[in-house]
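*Asks:* Based on the hints, put chains B and C in the right spot on chain A.
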Amino acid sequence: MMANASPSSLTVEKAAALLGRRARWRWAEVLFWVVAAATLFLWPERHLILNEIAIIGLFAVSLDLILGYAGIVSLGHAAFFGLGAYVAGLFAKHVTGDPLVGLAAAGLVAGILGFATSFLVLRGADLTRLMVTLGVALVLGELANQMSWLTGGADGLQGIMMGPVLGLFEFDIFGTVAYAYSLSVLFGLFVVARMIVNSPFGLSLRSIRDNPLRARGIGIPVNRRLVAIYTVAAVYAGIAGGLLAQTTQFVSLDVLAFHRSADVMLVLVIGGVGYLYGGLVGAVIFKVLQDVLSAMTPQYWQFWIGLILVLLVLAGRERMTDRILGLWRRLTGRSAKAVDATRASTPVPEVQP
Amino acid sequence: MLRRTFVGIVSAAAVTAALGGTALAQEALKIGLILPMTGPFASTGRQIEAAVKLYMQQNGDTVAGKKIQLIVKDDTGVADVTKRLAQELIVNDKIAVMAGFGLTPLALAPAPLATQAKVPEVVMAAATSTITEASPFIVRTSFTLPQATVPMAEWASKEGLKKVVTLVSDYGPGIDAEKAFTGAFTSKGGTVENLRVPLANPDFSPFLQKVADAKPDALFVFVPSGVGAQFMKQFVERGLDKAGIKLIGPGDVTDDDILNGMGDVALGAITTQHYSASHDSPENKAFVEAFKKANGGMRPNFMAVGGYDGMHLIYEGLKKTNGAGGQALIDAMKGLSWTSPRGPVSIDPQTRDIVQNIYVRKVERKDGELYNVEFATIPNVKDPVKAAKAN
Amino acid sequence: MLTILFDGIAYGMLLFVLACGLAVTLGLMNFVNLAHGAFAMAGGYVTAVLMNRFGVPFLATLPLAFIIPAIIGLVLERTLYVRLYAQSHLDQVLFSIGLVFMAVAAVDYAMGSQQQLIQLPSWLQGRVEVLGIQVGLYRSFIIAVCSVLVVALQLILTQTRFGSRLRAAVDDPRVARGLGINVSAIFAVTFAVGSGLAGLGGALGAEILGLDPTFPLKFMIYFLIVVTVGGTTSITGPFVASLLLGIADVAGKYYLPGVGAFIIYTLMILVLVFRPQGLFARGR
Numbered sequence: 001m002m003a004n005a006s007p008s009s010l011t012v013e014k015a016a017a018l019l020g021r022r023a024r025w026r027w028a029e030v031l032f033w034v035v036a037a038a039t040l041f042l043w044p045e046r047h048l049i050l051n052e053i054a055i056i057g058l059f060a061v062s063l064d065l066i067l068g069y070a071g072i073v074s075l076g077h078a079a080f081f082g083l084g085a086y087v088a089g090l091f092a093k094h095v096t097g098d099p100l101v102g103l104a105a106a107g108l109v110a111g112i113l114g115f116a117t118s119f120l121v122l123r124g125a126d127l128t129r130l131m132v133t134l135g136v137a138l139v140l141g142e143l144a145n146q147m148s149w150l151t152g153g154a155d156g157l158q159g160i161m162m163g164p165v166l167g168l169f170e171f172d173i174f175g176t177v178a179y180a181y182s183l184s185v186l187f188g189l190f191v192v193a194r195m196i197v198n199s200p201f202g203l204s205l206r207s208i209r210d211n212p213l214r215a216r217g218i219g220i221p222v223n224r225r226l227v228a229i230y231t232v233a234a235v236y237a238g239i240a241g242g243l244l245a246q247t248t249q250f251v252s253l254d255v256l257a258f259h260r261s262a263d264v265m266l267v268l269v270i271g272g273v274g275y276l277y278g279g280l281v282g283a284v285i286f287k288v289l290q291d292v293l294s295a296m297t298p299q300y301w302q303f304w305i306g307l308i309l310v311l312l313v314l315a316g317r318e319r320m321t322d323r324i325l326g327l328w329r330r331l332t333g334r335s336a337k338a339v340d341a342t343r344a345s346t347p348v349p350e351v352q353p
Numbered sequence: 001m002l003r004r005t006f007v008g009i010v011s012a013a014a015v016t017a018a019l020g021g022t023a024l025a026q027e028a029l030k031i032g033l034i035l036p037m038t039g040p041f042a043s044t045g046r047q048i049e050a051a052v053k054l055y056m057q058q059n060g061d062t063v064a065g066k067k068i069q070l071i072v073k074d075d076t077g078v079a080d081v082t083k084r085l086a087q088e089l090i091v092n093d094k095i096a097v098m099a100g101f102g103l104t105p106l107a108l109a110p111a112p113l114a115t116q117a118k119v120p121e122v123v124m125a126a127a128t129s130t131i132t133e134a135s136p137f138i139v140r141t142s143f144t145l146p147q148a149t150v151p152m153a154e155w156a157s158k159e160g161l162k163k164v165v166t167l168v169s170d171y172g173p174g175i176d177a178e179k180a181f182t183g184a185f186t187s188k189g190g191t192v193e194n195l196r197v198p199l200a201n202p203d204f205s206p207f208l209q210k211v212a213d214a215k216p217d218a219l220f221v222f223v224p225s226g227v228g229a230q231f232m233k234q235f236v237e238r239g240l241d242k243a244g245i246k247l248i249g250p251g252d253v254t255d256d257d258i259l260n261g262m263g264d265v266a267l268g269a270i271t272t273q274h275y276s277a278s279h280d281s282p283e284n285k286a287f288v289e290a291f292k293k294a295n296g297g298m299r300p301n302f303m304a305v306g307g308y309d310g311m312h313l314i315y316e317g318l319k320k321t322n323g324a325g326g327q328a329l330i331d332a333m334k335g336l337s338w339t340s341p342r343g344p345v346s347i348d349p350q351t352r353d354i355v356q357n358i359y360v361r362k363v364e365r366k367d368g369e370l371y372n373v374e375f376a377t378i379p380n381v382k383d384p385v386k387a388a389k390a391n
Numbered sequence: 001m002l003t004i005l006f007d008g009i010a011y012g013m014l015l016f017v018l019a020c021g022l023a024v025t026l027g028l029m030n031f032v033n034l035a036h037g038a039f040a041m042a043g044g045y046v047t048a049v050l051m052n053r054f055g056v057p058f059l060a061t062l063p064l065a066f067i068i069p070a071i072i073g074l075v076l077e078r079t080l081y082v083r084l085y086a087q088s089h090l091d092q093v094l095f096s097i098g099l100v101f102m103a104v105a106a107v108d109y110a111m112g113s114q115q116q117l118i119q120l121p122s123w124l125q126g127r128v129e130v131l132g133i134q135v136g137l138y139r140s141f142i143i144a145v146c147s148v149l150v151v152a153l154q155l156i157l158t159q160t161r162f163g164s165r166l167r168a169a170v171d172d173p174r175v176a177r178g179l180g181i182n183v184s185a186i187f188a189v190t191f192a193v194g195s196g197l198a199g200l201g202g203a204l205g206a207e208i209l210g211l212d213p214t215f216p217l218k219f220m221i222y223f224l225i226v227v228t229v230g231g232t233t234s235i236t237g238p239f240v241a242s243l244l245l246g247i248a249d250v251a252g253k254y255y256l257p258g259v260g261a262f263i264i265y266t267l268m269i270l271v272l273v274f275r276p277q278g279l280f281a282r283g284r
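Chains as they are written, first to last, in full-length UniProt numbering: chain A, 1 to 353; chain B, 1 to 391; chain C, 1 to 284.
Please keep in mind that the hints were generated in silico from the structure rather than gathered at the bench. Beta carbons are placed, not taken as given, at the ideal position from N, Cα and C, and that holds for glycine. Don't take each hint at face value.
[Unchecked claim] Here are some of the chain A residues that sit facing chain B, going by a computed Cβ distance under 7 Å:
id, residue
1, 45
2, 153
3, 154
4, 173
[Claimed, not checked] Using 20 Å as the maximum straight-line C-alpha spacing, the simulated EDC-like pairs for lysine to aspartate or glutamate come out as follows:
id, chain 1, residue 1, chain 2, residue 2
5, B, 242, C, 171
6, A, 93, B, 133
7, B, 118, B, 331
8, B, 210, C, 172
9, B, 382, B, 348
10, B, 362, B, 154
11, B, 118, B, 133
12, B, 179, B, 154
13, B, 188, B, 154
14, B, 292, B, 367
15, B, 210, B, 159
16, B, 215, C, 129
17, B, 118, A, 172
18, B, 94, A, 172
19, B, 30, A, 170
20, B, 118, A, 98
21, B, 118, A, 170
22, B, 163, B, 193
23, B, 242, B, 159
24, B, 94, A, 45
25, B, 30, B, 316
26, B, 292, B, 280
[Claimed, not checked] Not everything, but these chain C residues come out facing chain A in the computed CB check (under 10 Å):
id, residue
27, 80
28, 84
29, 88
30, 90
31, 94
32, 98
33, 105
34, 106
35, 164
36, 217
37, 227
38, 229
39, 278
Okay, chain A solo, but in the shape it has when bound (with noise of 0.2 Å):
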């Protein structure tokens, strides 16, 4: 859409509405963020697993960043999650128990992780891509587990004591303020991400996600793009980790296992990439699917999620992805033009000539 129109054509108070009008609320998803309150206040016997989900949806809500707009495939995301957690927890531990500023330190440190590794995933194909982050959450596991002197190896990281939320709500056992707190943030952060990729900068990432080279060719700074949406990422997977790390004030090893990696990945998918509410309604999804079948059957329930997996993917996932998409424009009224391709795509693996 945006490249249709030539460039002469289109004034600068043109592209401003246009990109105004994108970002305009919706009152559909003015209705899923009641809901979401409501629930604080309707639903208190259940705030323990909802405070899990607004954690996991913010963690999806990071994965959606690079994956759904900017192609990256991650399955090693867990890197920046678990150094969340153990900073927010390391901070709770020997420098004050106030949460928001250790959740400011956990996004910092993620963050700079982040920076740093961003320049891995630059080069190579979706499946380099996969390994590369893969490893480094590997490693990142292996180092928690030898600095067991700093992180409580693999017995957890023991006694983090929380101080209350700005001062005046301490956290209690039906988990009730940890919900309130982590839906906020969760709330805070999600707004920011939609403006972000509702900006230009948004846009030009969404153009590296569908056609790098074309990108490059309009004078998008291709790289420069990807590092700093990886760290972005980074930055909400580090405070997705913290807020985990401050609601249940523990950390095991467990925060940087390869399955957290993947559970956030089938998340994303389920709820559909690339319109970030996909991880939102993805968390709710699979965090209700595995309580609802482990209370069943505690041995087996995996085996149901991998069938829901599989028909998923045999039903055309991105078919579902864009009636799902279709309903959702229809109920915010987009039109059908201003919405670009958001359609649940990888990039077609680099064809090399």
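*Replies:* Leaving out everything else, chains B and C in the frame of chain A:
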């Protein structure tokens, strides 16, 4: 999409409501059993669940006039899930006791909840010494690694072994075992060399080569029970047994669950632990027979006996408090003693840890199957770490 | 020193047998099949069940450990995988992870979660001294089997009509089809052979790596490392990579036990950073 979300939420709510409703109607006492039922530690969960169910089947599901309802949850071996499940069970299901806990981090994660909600936490498997110190509501019916390890060191030095190499998995319990053994053995005048193996390590050959180079009198080994078999095979394959190196360690490496499948490579391994399926007592014979019958021939291992005794402890505690939970229940559990399939045991009133006999065993063929055959007993061993602290 | 080298080679060879099927599907057919380990597990269980329940000798189980996973692979390829060739890598990853979950739970249900153990025949146990080096018999056996496989695979790919058809079908399926090559049959056979090799690897590896329902998840990472480091366009690449990784892993753990666990991962990252297509990528 929103509709879908709602359907999910509503159906989940319905399930919860249904569970809650039936439970209230019966005035049941609920026990939350949180175990790794999937993932790499699934066999721990399987053994304990089977033992718990066996106990309930043998002793009825009514205690002190109240019906016992067991809620089994799978924590997949992930600590924050354990904590969330424990929290939900406490808050929503109002459980009287939580039990299970396959690994150390899984037992430690819910410890603050136990304190906060005054819900006793019965640890049936995890074996790091510090666990019971994490909350005054934790009581343990499995064992502690130093409890099984220190007697090994004492036995080894009594047998005249001078130089031992330790080989442990590089994680909490492994390091615990290494420390406990090294400390006890060097204090008796022996020399020890330490080796650590990464947890995710399929091939032991480089480490075993190091052992071969060091030519010790014995190799002390601690690996999680699943990989014990591979370890034994590679130990023999390398010819270390023929080089006269004794294989010693806490009983995890010759876990009853898989011992028989290891074959002759396991023969002669000497271990110290609190339970062997071949323990010679009428209680144990009945237990093993009933367990095998209920579970298609599966042999109970030390995890199972931890679960079985854990249930016994809960039942006896509830009998003493007449069905009351909380502080009264944990107080009632302190000092209880009974004859378990593993022999006489009691709960130390100070540490809430189990006091039990530790047996020195040797793998031998008995009636065509491999068993850890006990040949010496060290009676009433307390957790040596806490005993040392107390003095 | 030489013993360490020998152990490393044996370990690398084992990795290769396990991973070469994946190298075929991933490298030649461009399909990311994370369920590869499930076929290896199937092979392992075939051997374990035949030996432990029916008393079949170890060697006799090996052909079956190849054939049964190959048949399973063939059936799955015809019914399910074939629909996914054209889809994105992400879809393939999700689909095959779903299969892994199902396989893990199904095997857990059918066989229980405990380790399956097998008893090697006595002529494969123990070790002998060759030229002053202590050599494990079973490891020698693995090296021998694997060497035969490498040579056979390489010959099939480069010297036979099937091999050239396969390469044609991979390079440009449309043109190959136009030339009268039955592309889908070739893919099906290739997939079946890849699955069968995985099964064979699982059977051979059960003794050293262990076998339980989580096998496909535990070793998936190793297979992927071998294939990506080796490059996905040939058989020799993954072969050399397996050997390198095997030796580096064993030697690293022997000489630098403190950092042993990092070596294999770090090596992979370094290789991929400098050679994103793997060590032995064909210059396409």
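*Asks:* With reference to the structure, classify each hint as holding or not holding.
*Replies:* Structure-based check of each hint:
| no. | hint | verdict |
| --- | --- | --- |
| 1 | 45 | holds (5 Å) |
| 2 | 153 | holds (5 Å) |
| 3 | 154 | holds (4 Å) |
| 4 | 173 | holds (6 Å) |
| 5 | B/242 / C/171 | violated (55 Å) |
| 6 | A/93 / B/133 | holds (19 Å) |
| 7 | B/118 / B/331 | holds (12 Å) |
| 8 | B/210 / C/172 | violated (52 Å) |
| 9 | B/382 / B/348 | holds (8 Å) |
| 10 | B/362 / B/154 | holds (16 Å) |
| 11 | B/118 / B/133 | holds (15 Å) |
| 12 | B/179 / B/154 | holds (14 Å) |
| 13 | B/188 / B/154 | holds (8 Å) |
| 14 | B/292 / B/367 | holds (16 Å) |
| 15 | B/210 / B/159 | violated (24 Å) |
| 16 | B/215 / C/129 | holds (18 Å) |
| 17 | B/118 / A/172 | holds (15 Å) |
| 18 | B/94 / A/172 | holds (16 Å) |
| 19 | B/30 / A/170 | violated (29 Å) |
| 20 | B/118 / A/98 | violated (26 Å) |
| 21 | B/118 / A/170 | holds (19 Å) |
| 22 | B/163 / B/193 | holds (8 Å) |
| 23 | B/242 / B/159 | holds (19 Å) |
| 24 | B/94 / A/45 | holds (11 Å) |
| 25 | B/30 / B/316 | holds (15 Å) |
| 26 | B/292 / B/280 | holds (17 Å) |
| 27 | 80 | holds (7 Å) |
| 28 | 84 | holds (7 Å) |
| 29 | 88 | holds (5 Å) |
| 30 | 90 | holds (4 Å) |
| 31 | 94 | holds (5 Å) |
| 32 | 98 | holds (3 Å) |
| 33 | 105 | holds (3 Å) |
| 34 | 106 | holds (6 Å) |
| 35 | 164 | violated (22 Å) |
| 36 | 217 | holds (8 Å) |
| 37 | 227 | holds (8 Å) |
| 38 | 229 | holds (8 Å) |
| 39 | 278 | holds (8 Å) |
Hints 5, 8, 15, 19, 20, 35 from the list above are not met by this structure, while the remaining hints are.
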